[in-house]
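As given, the protein sequences belong to chains F and Y, one line each in that order. Following full-length UniProt numbering, the numbering of the first sequence begins with 1 at its first residue and continues without gaps. Following full-length UniProt numbering, the numbering of the second sequence begins with 1 at its first residue and continues without gaps.
Hints in this document: simulated from the structure, not taken from any laboratory.
Computed cross-link-like contacts, BS3-like style, restricted to lysine-lysine with a CA-CA straight-line distance of at most 25 Å:
no., chain 1, residue 1, chain 2, residue 2
1, Y, 161, Y, 194
2, Y, 137, Y, 234
3, F, 155, Y, 161
4, F, 155, Y, 234
5, Y, 137, F, 155
6, Y, 149, F, 211
7, Y, 149, Y, 137
8, Y, 137, F, 169
9, F, 197, Y, 149
10, Y, 161, F, 56
11, F, 155, F, 169
12, F, 80, F, 70
13, Y, 149, F, 202
14, F, 197, F, 238
15, F, 155, Y, 231
16, F, 211, Y, 137
17, F, 53, Y, 161
18, F, 238, Y, 137
19, Y, 137, F, 233
20, Y, 149, F, 155
21, Y, 234, Y, 245
22, F, 202, Y, 161
23, Y, 234, F, 169
24, Y, 231, F, 169
25, Y, 241, F, 53
26, F, 238, F, 169
27, Y, 231, Y, 245
28, F, 202, F, 115
29, F, 53, Y, 194
30, Y, 161, F, 211
The structure presented is a predicted model; accordingly, all values stated were derived computationally and were not measured.
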Amino acid sequence: MLRRINGILEPSLKHIQFKNSQWICVSSTQFKAKSFSTSPPKPEVQVKKNVSKAMKAYLERAREHDEFMKQQTLEFQIGKRHLANMMGENPDTFTQEDVDHAIKYLFPSGLFEKKARPFMRPPEEVFPQRKAAEFDETGRPYHFLFYTGRPNFYKLMHDIVDHINDAYKFEDTMIRKGIKPDPNLALELSGYQWSDKASLEKELVEGIGDKDYEAFIATMERLCDLPYSYRSKDFIFKYRKPLMSHEQTYQAPRPQYDADGRAFITTYECLRKRARGHVTIRAPGTGKITINNEEITYFKDVQPREQMSKDAL
Amino acid sequence: MFSVVHLPKKLNKSTLLNTIRLSSTVLQTQDTVPTLPDAENLQKNTLNHPDYFSVHNLFTVKDLFDARVHYGHRDGSLDERMLPYIYGSRLGHIIFDLDKTAEYLRRALNFAAHVAYRDGIILFFLRGAQNSHLVEKTAQECGEFAHTKFWRGGIFTNASKQFGAVTRLPDLCIFLNTLNNVLLQHTAVRDSAKMGIATIGIVDSNCNPNLITYPVPGNDDSPASIELYCKLFKMAILRGKEKRKIDLQL
Numbered sequence: 001m002l003r004r005i006n007g008i009l010e011p012s013l014k015h016i017q018f019k020n021s022q023w024i025c026v027s028s029t030q031f032k033a034k035s036f037s038t039s040p041p042k043p044e045v046q047v048k049k050n051v052s053k054a055m056k057a058y059l060e061r062a063r064e065h066d067e068f069m070k071q072q073t074l075e076f077q078i079g080k081r082h083l084a085n086m087m088g089e090n091p092d093t094f095t096q097e098d099v100d101h102a103i104k105y106l107f108p109s110g111l112f113e114k115k116a117r118p119f120m121r122p123p124e125e126v127f128p129q130r131k132a133a134e135f136d137e138t139g140r141p142y143h144f145l146f147y148t149g150r151p152n153f154y155k156l157m158h159d160i161v162d163h164i165n166d167a168y169k170f171e172d173t174m175i176r177k178g179i180k181p182d183p184n185l186a187l188e189l190s191g192y193q194w195s196d197k198a199s200l201e202k203e204l205v206e207g208i209g210d211k212d213y214e215a216f217i218a219t220m221e222r223l224c225d226l227p228y229s230y231r232s233k234d235f236i237f238k239y240r241k242p243l244m245s246h247e248q249t250y251q252a253p254r255p256q257y258d259a260d261g262r263a264f265i266t267t268y269e270c271l272r273k274r275a276r277g278h279v280t281i282r283a284p285g286t287g288k289i290t291i292n293n294e295e296i297t298y299f300k301d302v303q304p305r306e307q308m309s310k311d312a313l
Numbered sequence: 001m002f003s004v005v006h007l008p009k010k011l012n013k014s015t016l017l018n019t020i021r022l023s024s025t026v027l028q029t030q031d032t033v034p035t036l037p038d039a040e041n042l043q044k045n046t047l048n049h050p051d052y053f054s055v056h057n058l059f060t061v062k063d064l065f066d067a068r069v070h071y072g073h074r075d076g077s078l079d080e081r082m083l084p085y086i087y088g089s090r091l092g093h094i095i096f097d098l099d100k101t102a103e104y105l106r107r108a109l110n111f112a113a114h115v116a117y118r119d120g121i122i123l124f125f126l127r128g129a130q131n132s133h134l135v136e137k138t139a140q141e142c143g144e145f146a147h148t149k150f151w152r153g154g155i156f157t158n159a160s161k162q163f164g165a166v167t168r169l170p171d172l173c174i175f176l177n178t179l180n181n182v183l184l185q186h187t188a189v190r191d192s193a194k195m196g197i198a199t200i201g202i203v204d205s206n207c208n209p210n211l212i213t214y215p216v217p218g219n220d221d222s223p224a225s226i227e228l229y230c231k232l233f234k235m236a237i238l239r240g241k242e243k244r245k246i247d248l249q250l
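With the rest of the complex left out, here is chain F (with noise of 0.2 Å):
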């Protein structure tokens, strides 16, 4: 039951060989080579160097994107100088802001949404930024857990808990002295709350599930509640974010006096929809209500009534 190792491993073989069958020759200024550019090629090895098919394909792709662009900045120019024409501008001096303008005058849109609107802007924010390369010439990637897909946020779980295992191996020196952990050193973590989901994807270039979000938020609470999470302060609050204070502090409006030695406030421009008043109250009151030189019966309704008497006191 013992396995052809040997008759396995001629196939296996072949399936590494097939690189060899692609090597070509490439100057070595065409690309920014990692490991190459740092040692100029000897003289007696002849410089071959293998690109593999994703690279080419990449570079390909990166050709026509760079093609695409001139063309579409050559188009955005010659609309600019139009426009300009129709303006009755200087096409020279005519700024992004003028074409703004005029976009808006020419094209007047009623819709809501700002988006949905008519606009001309450079072509480098319209077109979405090409990816760089994650791979060298050989077609190796460059990050380590490149092939998870998620590669930055994989990382950043990675990292957690080496952060993790760090504080486990601390504890246990500590332990070992017999010393406690200081407990006015530990985390303070209240009034900050952790980076929502769509800045997180935002900061790691990459869009991640609600699952693997809720994992980010799991380890990292498992992380600050250690003893000596404190440690990694640094790390920990890259992705805490503060809570909007909601204590607002109210200034009083400072009472006026008339000649009396009477204080009072008038409040200018109060509003009950359609209409607008002044309100001035006086302190010490004698318990009298004006409106508009009448007494309260101004209303002819219980209803208002009431509802001014309560809202002066």
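Given chain F's structure and the hints, the job is docking chain Y onto it.
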């Protein structure tokens, strides 16, 4: 145990080597074969050499025993295809034959070193939270790759869609366990077989070794064992890379 010196002269060298590998628990030494300077011959030479990277002295059977590699699962969960590799059962648990494990592990290490020597991409796999950080760290330290997370289908079989472009796939997958959980085999085992990617797999007594190119029977759960495997594969890969630098004068 017998001494190598008393063996009859008619035995050829490779049988001799194999005998040493199978029988001994002492450190293995490797005599050097003269290398030819020519580049093409060099390639042939490295492949014909029984142990070009001297990976055989990386460990002894005693090391395997100390790392608890011989422990299998309970004998009720034995996969029949693992029968050739087991020594027996003790207190209801499968025990692996470590002499066989050592032989298979050395072949696997040799292959891994050869792939690293040819600048192949090596991808480490392991499911399970307990050991995955260690595996990722190992992969990072030897400049290779790791995938210890949920396997989204089609990473190999539909790579250009998954990565948004033509992507070079790994040349060797090393599975430090081949199961997703106690029942299911890792999908990447099947996918590597589909794509013709060579695989090395640590197969425990409840695993199926059939789709693995280089199965290594042994315990795939204990952290001590995983640590040992990680150390050995890392050293083998680094030796391959070191030799590459020397031979290609990089």
